[in-house]
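Novice: Following the hints, complete the assembly by docking chain B onto the known chain A.
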Amino acid sequence: MILKLPGRTLKGKNDEELLEEFTSSGSLEALGELYSGYMHLVYGVCLKYLKNREESMDAVMQIFDKLITDIPKQKIANFRSWLYVVTKNYCLIQLRSGKSYNEKFSEWVQDQKTFMENNNYLHPVDDEEYDNKEALADCIERLKAEQKECIRQFYYENRCYSDIAVILGVDEKKVKSHLQNGKRNLKLCIEEKNERRRQE
Amino acid sequence: MKEEDRNKKRALSEFKRYVRGEMTKRDENAFQRKLQIDPFADEATEGFSEITPGEADKDMKRLGKRLKNRIRPVRRVVLYRVAASIAVLMLISSAFLIIQRYKTDKQISENIISPVVVERKDSAPPSLPMVAEKVNEAVAEPSEAVSMITDESADKSVKAPAETIVATSKDTTELLAVAEEPDSEPDITTDQAVVQEAAPLMATRMQEMPAANATRSEVKSRPDSSVAPLGKLIVAGYGTAKKTEAVKTGFISAQPVTGSSNFETYISENIRRPQSLPQGERAIAVVSFLVRSTGAIDSLKVVNSPGDEFATEAMRLIREGPAWKPAQENGQPVDDEVQVRLVFR
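Read top to bottom, the protein sequences are chains A and B.
Using this note's numbering, read the first sequence as starting at 14 and increasing by one per residue.
Using this note's numbering, read the second sequence as starting at 4 and increasing by one per residue.
Hints are computed from structural coordinates only; laboratory data are not their basis.
Heads up, a few of these hints could be off.
As the list claims (entries may be wrong) - Facing chain B, from chain A, some residues (calculated, C-beta under 8 angstroms):
hint, residue
1, TYR48
2, GLY50
3, VAL58
4, LEU60
5, MET74
6, GLN87
7, ILE89
8, ALA90
9, TYR97
Unchecked claim - PhoX-like mimics (lysine-lysine), calculated; alpha carbons at most 20 angstroms apart, straight line:
hint, chain 1, residue 1, chain 2, residue 2
10, B, LYS19, B, LYS68
11, B, LYS28, A, LYS189
12, B, LYS37, A, LYS189
All C-beta atoms in this analysis are idealised placements derived from N, C-alpha and C, irrespective of residue type, glycine included.
Just chain A, same shape as in the assembly:
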């Protein structure tokens, strides 16, 4: 082919390849292509924390600049998760003053490892292959009423947040926090059960 359009050839590439291209050649095109796939997520997270459209848009661009300088310095295993950490970190620093950015940032990089582990942990309720259904059902029964109801509606009746909110007469955000707390309690309950079984 006589004509090799970089724009086109970048299109089919996956994250690792784009990242590799950026680190080896410094191609902003490659980084831009990579970033554009996640820009909506970055913007959404910025909106959540900064609660201002203009500021959030500026933040999205500043985070891009941050990537240009930071990517070469680190070994990135999973760009998406890493970008999440960078984004959230950026927003929190915008909100809280105090420690300097770089100080904060190195803390976050430290956290990244634990964060990734947490992130990859699949909760029994989310894991459809989970084999100990009895233990799970029992633990669900032990939950607080509203948490139990939210888990039941969401995972067993396949209802969305807004429907559950209407049924229970609470706010959508409450539904989410009940789910979150319910899942945390379930995890504790199941771990306890497993522990007990091992001792017997």
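Specialist: Okay, now just chain B, sitting in the frame of chain A:
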């Protein structure tokens, strides 16, 4: 690799649908389950819930532009490369044209050309001498395009001599070619002009004689070149951008209200490929219809198609497709006949 790319695209469109509230309750639950284990997307949806979907769209567009501007310096380098490639392609094409013209002179003296049945009825008589019709085809692989040109000319083309080609490009994807024919060939009563666009800025023009070619749907025939009606053929197909434009002052032909490039996108995204068409093969259907001065679509019919399924699909695409802006002559809306060529691939 492709799979991954597709997944990413699917995730993005899912995300957009969720943010816009376009999902069914079931899908919403399924998506929220994913959010439960994906804090990045989860927090992002929370952020978007603070603004309206309209604002979200606008902001994402602005961000896209800002990102593009940020990486622009690299783009310029790309443009140089494009320009260099185009220069090479132009050279090849002009060499090709010279050879073709040489052939033509020989062939015309040997051939007797018979007129062919006219397909086209048109109400608008032209005010300018002659307008030729063109098909621009953007072909992804330049080398492929060159070979196509060679094939076609070897098979069936008789070239008309002494024609001028003026090609102007509006941008890299759109090309408008204007061809003028002198009346030096009164015995040539029909013609077809095909402009093959091998690269965005390159155009080659061929005159194909109808005798060998009457079955091809895109052949536009004229009984008498001096009163040739103005015609237009819009060509749309998956993966290729094709376009025909007739040029005449004071007359603007009927167009999809969405613009022709969006219309092509609509076709390529909505065309359903009939099962009966073997993988890797392509088929072409041509439909014609009248765009009334009111904008109404009338007399929709299939001019040519390989089978019923194709015909039905072609009609469906037009019927369900974007509305049409009526043609204008000297500022007044007038009826216009449009042909659309659909490529199933």
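Novice: What hint numbers does the structure not satisfy?
Specialist: 6, 7 and 8
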